[in-house]
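As you go down the protein sequences, you meet chains A and B in turn. For what it's worth, this note's numbering labels the leading residue of the first sequence as 1, then goes sequentially. For what it's worth, this note's numbering labels the leading residue of the second sequence as 1, then goes sequentially.
Hint data in this document are derived by calculation from the structure and do not stem from the laboratory. There may be inaccurate statements among the hints.
Copies of the same chain are indistinguishable here, so a pair counts whether it falls within one copy or spans any two.
Here are the simulated DSS-like cross-link-like pairs (lysine-lysine), alpha carbons at most 27 Å apart as the crow flies [to be verified]:
1. Lys178 - Lys424
2. Lys328 - Lys39
3. Lys138 - Lys424
4. Lys236 - Lys335
5. Lys461 - Lys238
6. Lys111 - Lys461
7. Lys338 - Lys31
8. Lys238 - Lys31
9. Lys265 - Lys338
10. Lys222 - Lys153
11. Lys222 - Lys24
12. Lys153 - Lys424
13. Lys90 - Lys236
14. Lys370 - Lys24
15. Lys31 - Lys339
16. Lys111 - Lys236
17. Lys328 - Lys265
18. Lys328 - Lys253
19. Lys178 - Lys138
20. Lys414 - Lys235
21. Lys24 - Lys366
22. Lys122 - Lys328
23. Lys24 - Lys424
2 protein chains.
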Amino acid sequence: MHPMQTLLEPSSIAVIGASETEGKTGYILMKNLVDNGYKGGIYPINPNAMEIFGYRTYRTVLDVPHEIDLAFLLIPGQLVNHVLVQCGEKNVKSAVIVSAGFAEVGEHGLKAQSELEDVIRKSGIRCIGPNTIGLVNKQKNLLASFVPFQNWKDGPVAIGAQSGIFAGALATELMEMKTQRFGVCKSLSFGNMIDLDETDFLEYAWRDPASKIIAFYLERIKRPRPFFSLANKIKKEKPIIILKSGRTEYGGKAALSHTGSMPIKDNLLDIAFRQYGIVRTYTLQEFLATLKAFAYQPLPQGNKVGVITFSGASGVMASDEIHQSGLKLARFTQKTLKKIRNILPEWQPIHNPADIWVALGIERNKAVYKESVQAVLEDENTDILLCILLALPNSDVPDIREVFEPIVEKHYGKPIFVVIIGGKIKERWTDELEGLNIPIYSETSVAVKAIRSMFAYYRIKAIEAPNPS
Amino acid sequence: MHPMQTLLEPSSIAVIGASETEGKTGYILMKNLVDNGYKGGIYPINPNAMEIFGYRTYRTVLDVPHEIDLAFLLIPGQLVNHVLVQCGEKNVKSAVIVSAGFAEVGEHGLKAQSELEDVIRKSGIRCIGPNTIGLVNKQKNLLASFVPFQNWKDGPVAIGAQSGIFAGALATELMEMKTQRFGVCKSLSFGNMIDLDETDFLEYAWRDPASKIIAFYLERIKRPRPFFSLANKIKKEKPIIILKSGRTEYGGKAALSHTGSMPIKDNLLDIAFRQYGIVRTYTLQEFLATLKAFAYQPLPQGNKVGVITFSGASGVMASDEIHQSGLKLARFTQKTLKKIRNILPEWQPIHNPADIWVALGIERNKAVYKESVQAVLEDENTDILLCILLALPNSDVPDIREVFEPIVEKHYGKPIFVVIIGGKIKERWTDELEGLNIPIYSETSVAVKAIRSMFAYYRIKAIEAPNPS
Numbered sequence: 001m002h003p004m005q006t007l008l009e010p011s012s013i014a015v016i017g018a019s020e021t022e023g024k025t026g027y028i029l030m031k032n033l034v035d036n037g038y039k040g041g042i043y044p045i046n047p048n049a050m051e052i053f054g055y056r057t058y059r060t061v062l063d064v065p066h067e068i069d070l071a072f073l074l075i076p077g078q079l080v081n082h083v084l085v086q087c088g089e090k091n092v093k094s095a096v097i098v099s100a101g102f103a104e105v106g107e108h109g110l111k112a113q114s115e116l117e118d119v120i121r122k123s124g125i126r127c128i129g130p131n132t133i134g135l136v137n138k139q140k141n142l143l144a145s146f147v148p149f150q151n152w153k154d155g156p157v158a159i160g161a162q163s164g165i166f167a168g169a170l171a172t173e174l175m176e177m178k179t180q181r182f183g184v185c186k187s188l189s190f191g192n193m194i195d196l197d198e199t200d201f202l203e204y205a206w207r208d209p210a211s212k213i214i215a216f217y218l219e220r221i222k223r224p225r226p227f228f229s230l231a232n233k234i235k236k237e238k239p240i241i242i243l244k245s246g247r248t249e250y251g252g253k254a255a256l257s258h259t260g261s262m263p264i265k266d267n268l269l270d271i272a273f274r275q276y277g278i279v280r281t282y283t284l285q286e287f288l289a290t291l292k293a294f295a296y297q298p299l300p301q302g303n304k305v306g307v308i309t310f311s312g313a314s315g316v317m318a319s320d321e322i323h324q325s326g327l328k329l330a331r332f333t334q335k336t337l338k339k340i341r342n343i344l345p346e347w348q349p350i351h352n353p354a355d356i357w358v359a360l361g362i363e364r365n366k367a368v369y370k371e372s373v374q375a376v377l378e379d380e381n382t383d384i385l386l387c388i389l390l391a392l393p394n395s396d397v398p399d400i401r402e403v404f405e406p407i408v409e410k411h412y413g414k415p416i417f418v419v420i421i422g423g424k425i426k427e428r429w430t431d432e433l434e435g436l437n438i439p440i441y442s443e444t445s446v447a448v449k450a451i452r453s454m455f456a457y458y459r460i461k462a463i464e465a466p467n468p469s
Numbered sequence: 001m002h003p004m005q006t007l008l009e010p011s012s013i014a015v016i017g018a019s020e021t022e023g024k025t026g027y028i029l030m031k032n033l034v035d036n037g038y039k040g041g042i043y044p045i046n047p048n049a050m051e052i053f054g055y056r057t058y059r060t061v062l063d064v065p066h067e068i069d070l071a072f073l074l075i076p077g078q079l080v081n082h083v084l085v086q087c088g089e090k091n092v093k094s095a096v097i098v099s100a101g102f103a104e105v106g107e108h109g110l111k112a113q114s115e116l117e118d119v120i121r122k123s124g125i126r127c128i129g130p131n132t133i134g135l136v137n138k139q140k141n142l143l144a145s146f147v148p149f150q151n152w153k154d155g156p157v158a159i160g161a162q163s164g165i166f167a168g169a170l171a172t173e174l175m176e177m178k179t180q181r182f183g184v185c186k187s188l189s190f191g192n193m194i195d196l197d198e199t200d201f202l203e204y205a206w207r208d209p210a211s212k213i214i215a216f217y218l219e220r221i222k223r224p225r226p227f228f229s230l231a232n233k234i235k236k237e238k239p240i241i242i243l244k245s246g247r248t249e250y251g252g253k254a255a256l257s258h259t260g261s262m263p264i265k266d267n268l269l270d271i272a273f274r275q276y277g278i279v280r281t282y283t284l285q286e287f288l289a290t291l292k293a294f295a296y297q298p299l300p301q302g303n304k305v306g307v308i309t310f311s312g313a314s315g316v317m318a319s320d321e322i323h324q325s326g327l328k329l330a331r332f333t334q335k336t337l338k339k340i341r342n343i344l345p346e347w348q349p350i351h352n353p354a355d356i357w358v359a360l361g362i363e364r365n366k367a368v369y370k371e372s373v374q375a376v377l378e379d380e381n382t383d384i385l386l387c388i389l390l391a392l393p394n395s396d397v398p399d400i401r402e403v404f405e406p407i408v409e410k411h412y413g414k415p416i417f418v419v420i421i422g423g424k425i426k427e428r429w430t431d432e433l434e435g436l437n438i439p440i441y442s443e444t445s446v447a448v449k450a451i452r453s454m455f456a457y458y459r460i461k462a463i464e465a466p467n468p469s
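Bound conformation, chain A alone (with noise of 0.2 Å):
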């Protein structure tokens, strides 16, 4: 049994710490766990109480008259030991230890936490944490975390971050930000890592046939030896994509502080990365567009990029990002020129990218849309197809989706992004492309950035990469 089953998929939850109070962590885990239907079973552990959410409590887990395979701690970092002790004797199987106080606030907290791993291993139970905010599995209606989490959507991708707070926020705003709604079928944050880490996570994800995407932001590698080696394995079966912080001297010392971490060189790491099939992503936006790419859109099959444009200047940007990330331009074939000419007035030249603009005219944008994507997806030599739309009332139509609709439905196997500058109509429209799963972004660079991940990610599945010694 992989060690992370019964902390992922368990048939029975202990909370401590399980509180009435609204607004308490104790409360808001309760909330989650009942509101999203998990169907195992629940035991709150409070002393002072006789029923939480109409579940009957306990006083210990000592007390509960059945198995159980997961305790969440919502307790003070010093009564941390104690429950554990008493969890081991229940033989409780895993344990997520939100409590802080730990190597994260230094040198007090350090000792803390060497008691901590002495009492675990001796327990033999599986953790999380301590510094956690604990792990969701859609596949198990399993919402077991202190964030008041709302609609949260299913999906291919499998988040590991090391920071909790952090997840949490970002997790919330996939959830609720129009714009970020990709869908997360197992999210886990590692906290301090003192027992379970992210090569388990890896392992996990991999064989979990809801996780087709593995994502992780981390600020250090605690096994990077096993970890490189299990990704190299993996790595053609399902991309791995990595938000690595710490990487610069301000940056190693803050990870250092933050979770006790001691940095790995950020160059090696780079080669490692690069070696073992790892995408790396370096800003929290360039990882949330990746992930949304791989979420939406299938992987390009090499690296010609066919660009539409709606004006000329967009045209110029974003043929700077595809030569600065190494990427190619198309060169249209004759038959595609022909099927742009023929939407376009005869004295505009046709370029990759195509500016399409003078195109349009309020009656026939849906057909100029329809045309020129169609005409782009169609040809032999384009691999991915960007295009970038300006939201303006002159470019503006009834139903984008109508558009855009049928072209998805062909299934031309090739990757689709789309870059909308402009006022109010971009809102109405992101939401209703992100419905066809074609991922919107704002900026030119940051698609840029996305397609060049996924290409990175083809190149690693096509590529047999040198063997490392």
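Place chain B on chain A using the hints.
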């Protein structure tokens, strides 16, 4: 008189191609003029109408019995020369040539453009275009463009943009999207720059009291020598911020076909920008982020950034970006550390970035935000505050304006930058804080790029650049 004066401050305008038909460019332009309260004379030119928007129409400019400062040409390209000759006879002083089909369409257009150049030279009329969307001068209530802008917000930024439609989309984004709403006092789209160009606009904006920040989107510098020499003269008075595209091989080619621009080697331009005191940005989001920072905040007096975060991970990522941008993390004074220690539990270590998360607790959130932000702004070693907020239910406050308003009023003279990560609460906070002229960003790396741009300009002002020979 400055050659752009009658263009941007006309006493009267002839709209050649004015229309009564809703949606037509000649209709939107008339509507923009009338709705925004332009006080000068308006003379619609249209041989087929008696009256447009209540204004008497004329067959040609020659039939107008008043002086005309500015003619706005919304007519097919092949009629432009003829109409300009009439404008010359009428002694019209300046013209906006919207018509397209010139250098931007290749060989055929180049010939037309060279003929147009002759006509303009002979007429003595000062022109922008062809292929422009027009101009805006908020100080004259002049919104002379065929893009239907709503609620154009006045402000300290003057923008000159080479590309028409793109400038339109950009302005629409600025005016309509809540997160991009810094004000613009002058806006002008150069188009193909047959006559008036970037150097003329730079000079105009320099002398214009409303223009505090001068911004350019350019694909080429038409007259590099006078442009850089003028920039060098202006640089200590007003910041000049540029987004120059066409910087790579692909981008250069695209620019060539877009506006017929022969590019200067980008590395040479980079040197010139630095030498003559122009702040360069590389992507649209960096450009907008920088303009917002300049529009809202005072210049920093150094490069030492104090960072407040509510998650360790945000602090690590901010540290990476600060290091990479050549900025410094401030070393907080003992006094500052003591102030922050007062709001944190004893065991929580304090560094820069200061991670304040554990201090939060619904009922005291306001005090925590206020005291931490104030402590860092009062810190003697800190020049700049970067605050990374997490928009989560447990970190919320009913009115975040109340926290920041007294702080903003205290005028510490240090710029404040706020990044917000999270869900729905983010929209409310953004709205409230941008109302106080605090620039909000969704991404730390973008905020840090804006800080870097501001610091770059501080150095331009503070340090005498070596005299180029």
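Here's how the hints hold up against the structure:
1. In this homomeric assembly, Lys178 and Lys424 come within 27 Å of each other (Cα to Cα) both inside a single copy, at 14 Å, and across copies, at 10 Å.
2. In this homomeric assembly, Lys328 and Lys39 never come within 27 Å of each other (Cα to Cα): the closest approach is 50 Å inside a single copy and 51 Å across copies.
3. Proximity of Lys138 to Lys424 under the C-alpha cut-off of 27 Å is restricted to the inter-copy arrangement: shortest distance 22 Å between copies versus 33 Å within a copy.
4. With identical chains, the CA atoms of Lys236 and Lys335 are never at most 27 Å apart, being 35 Å at best within one copy and 54 Å at best between copies.
5. In this homomeric assembly, Lys461 and Lys238 come within 27 Å of each other (Cα to Cα) only inside a single copy, at 9 Å, whereas the closest approach across copies is 52 Å.
6. In this assembly of identical chains, Lys111 and Lys461 lie within 27 Å of each other by CA distance neither inside one copy nor across copies; the values are 45 Å within and 51 Å between.
7. When the C-alpha separation of Lys338 and Lys31 is checked against a cutoff of 27 Å, the pair qualifies neither within a copy, at 60 Å, nor between copies, at 38 Å.
8. Proximity of Lys238 and Lys31 under a CA criterion of 27 Å is satisfied in neither setting, with 33 Å inside one chain copy and 56 Å between copies.
9. When the C-alpha separation of Lys265 and Lys338 is checked against a cutoff of 27 Å, the pair qualifies neither within a copy, at 53 Å, nor between copies, at 33 Å.
10. Taking the closest pair of Cα atoms, Lys222 and Lys153 never come within 27 Å of each other, the shortest separation being 30 Å inside a single copy and 51 Å across copies.
11. Proximity of Lys222 and Lys24 under a CA criterion of 27 Å is satisfied in neither setting, with 32 Å inside one chain copy and 63 Å between copies.
12. In this homomeric assembly, Lys153 and Lys424 come within 27 Å of each other (Cα to Cα) both inside a single copy, at 25 Å, and across copies, at 16 Å.
13. In the homo-oligomer, the alpha carbons of Lys90 and Lys236 never lie at most 27 Å apart, since the shortest distance is 41 Å inside one protomer and 73 Å across protomers.
14. Taking the shortest alpha-carbon separations for Lys370 and Lys24, only the inter-copy value of 23 Å comes in at or below 27 Å, while the best intra-copy value is 52 Å.
15. When the C-alpha separation of Lys31 and Lys339 is checked against a cutoff of 27 Å, the pair qualifies neither within a copy, at 57 Å, nor between copies, at 37 Å.
16. Taking the shortest Cα distances, Lys111 and Lys236 never come within 27 Å of each other, neither inside one copy (42 Å) nor across copies (55 Å).
17. In the homo-oligomer, the alpha carbons of Lys328 and Lys265 lie at most 27 Å apart only across protomers (20 Å), although the nearest pairing inside one protomer, at 32 Å, exceeds that limit.
18. With identical chains, the CA atoms of Lys328 and Lys253 are at most 27 Å apart between copies only, with a shortest distance of 13 Å across copies and 38 Å within one.
19. In this assembly of identical chains, Lys178 and Lys138 lie within 27 Å of each other by CA distance solely inside one copy; the values are 20 Å within and 34 Å between copies.
20. Taking the shortest alpha-carbon separations for Lys414 and Lys235, only the intra-copy value of 21 Å comes in at or below 27 Å, while the best inter-copy value is 48 Å.
21. In the homo-oligomer, the alpha carbons of Lys24 and Lys366 lie at most 27 Å apart only across protomers (18 Å), although the nearest pairing inside one protomer, at 52 Å, exceeds that limit.
22. For the identical chains of this complex, Lys122 and Lys328 are neighbours neither inside a copy (57 Å) nor across copies (45 Å), given an alpha-carbon limit of 27 Å.
23. In this homomeric assembly, Lys24 and Lys424 come within 27 Å of each other (Cα to Cα) only across copies, at 21 Å, whereas the closest approach inside a single copy is 38 Å.
Taken one by one, the earlier hints fail for this structure at numbers 2, 4, 6, 7, 8, 9, 10, 11, 13, 15, 16 and 22, listed in ascending order.
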